[in-house]
Amino acid sequence: MIFDFACEQISSFWDRLLGAIGDAAGSALHGMIEAIRTVFEGDPETRRRVSFSVAIIALSAKMAKADGVVSVAEVDAFRKIFDFPPEEARNVARLYNLARQDVAGFETYAKNLANMCRTCDNFCPVLEDIIDALFHIAKADGLVHESEMAFLARISEIFAIPEERFAMITERHIHLDGDPYGVLGVQPSDDFATIRKRYRSLAAEHHPDRLHARGIPAEFHSVATHRMAKFNAAYSAIEKERRAA
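Take the sequence shown: its position 135, counting from 1, is numbered 135 in our numbering, and each next residue is one higher.
It should be emphasised that the hints constitute simulated quantities derived from the structure, not laboratory data.
Careful: at least some of the hints might be erroneous.
[What the hints assert, rightly or not] As a list, the in silico DSSO-like pairs of lysine-lysine whose alpha-carbon atoms are at most 30 angstroms apart:
{"no.": "1", "residue 1": "K80", "residue 2": "K139"}
{"no.": "2", "residue 1": "K240", "residue 2": "K197"}
{"no.": "3", "residue 1": "K80", "residue 2": "K230"}
[Stated by the list, open to error] Label-pair distances were calculated between CB atoms; the ranges are:
{"no.": "4", "residue 1": "Q101", "residue 2": "R210", "range": "11 to 21 angstroms"}
{"no.": "5", "residue 1": "R200", "residue 2": "A160", "range": "23 to 33 angstroms"}
{"no.": "6", "residue 1": "R90", "residue 2": "A245", "range": "51 to 61 angstroms"}
{"no.": "7", "residue 1": "E163", "residue 2": "A213", "range": "25 to 35 angstroms"}
{"no.": "8", "residue 1": "T194", "residue 2": "E146", "range": "19 to 29 angstroms"}
{"no.": "9", "residue 1": "K240", "residue 2": "L143", "range": "23 to 33 angstroms"}
{"no.": "10", "residue 1": "F192", "residue 2": "N97", "range": "23 to 33 angstroms"}
{"no.": "11", "residue 1": "D190", "residue 2": "P86", "range": "46 to 56 angstroms"}
{"no.": "12", "residue 1": "K111", "residue 2": "M149", "range": "18 to 28 angstroms"}
{"no.": "13", "residue 1": "E239", "residue 2": "D209", "range": "49 to 59 angstroms"}
{"no.": "14", "residue 1": "A93", "residue 2": "N115", "range": "37 to 47 angstroms"}
{"no.": "15", "residue 1": "E164", "residue 2": "R196", "range": "29 to 39 angstroms"}
{"no.": "16", "residue 1": "A89", "residue 2": "K197", "range": "43 to 53 angstroms"}
Using N, Cα and C, we set each Cβ at its ideal position, and we do this for glycine too.
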């Protein structure tokens, strides 16, 4: 299931969300934001889960529009990340198409999403998770196109993700045989104790329990597992290099 709460709540949410979008005076994306804010007012944990899932729908649709073409591989990647129940396929498709066709720019939605996330926390790691998920979709066809890269960089900027953090995410996805130091966000000049401390910090930050606490749907944990594998491989490569020196 997409969200960790009762099925009747999911159906009720989809009905209310789509109804709010239809009644919204502004854009469809504005309607999505306002519906999430209203339906889950006073329930920040559920609101984060719903926000994450709707963000993947809307921003992946906008990214597909930026690229100009939607590949089968990208659709498959989207489904793996957002493993919605079969009975909700039509609603998800409606949201996806609304977002893709909406006249509102993705920047407006990204800003609203960032502002809503930060009402819970000054730093919202969910925003980095969204960027990570979008990278998985973008690279599914074997190449992150220049337009997609510009799209992701702009969203990262709106989300106020530090440049070094965005560089780490990019290194994991773009450079498959990338610099292990870049993957961990450390420098070759750093001593091994500093590198080990950084690696342990990343391992703790991306532990499944932390993801659950951030409201990340369980279906997204496979992406997080891939991310942790990148950290493990980078650390092992550096450790091997230092031992051989």
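In ascending order, which of the hints set out earlier in this document are inconsistent with the structure? 4, 8, 10, 13, 14, 15
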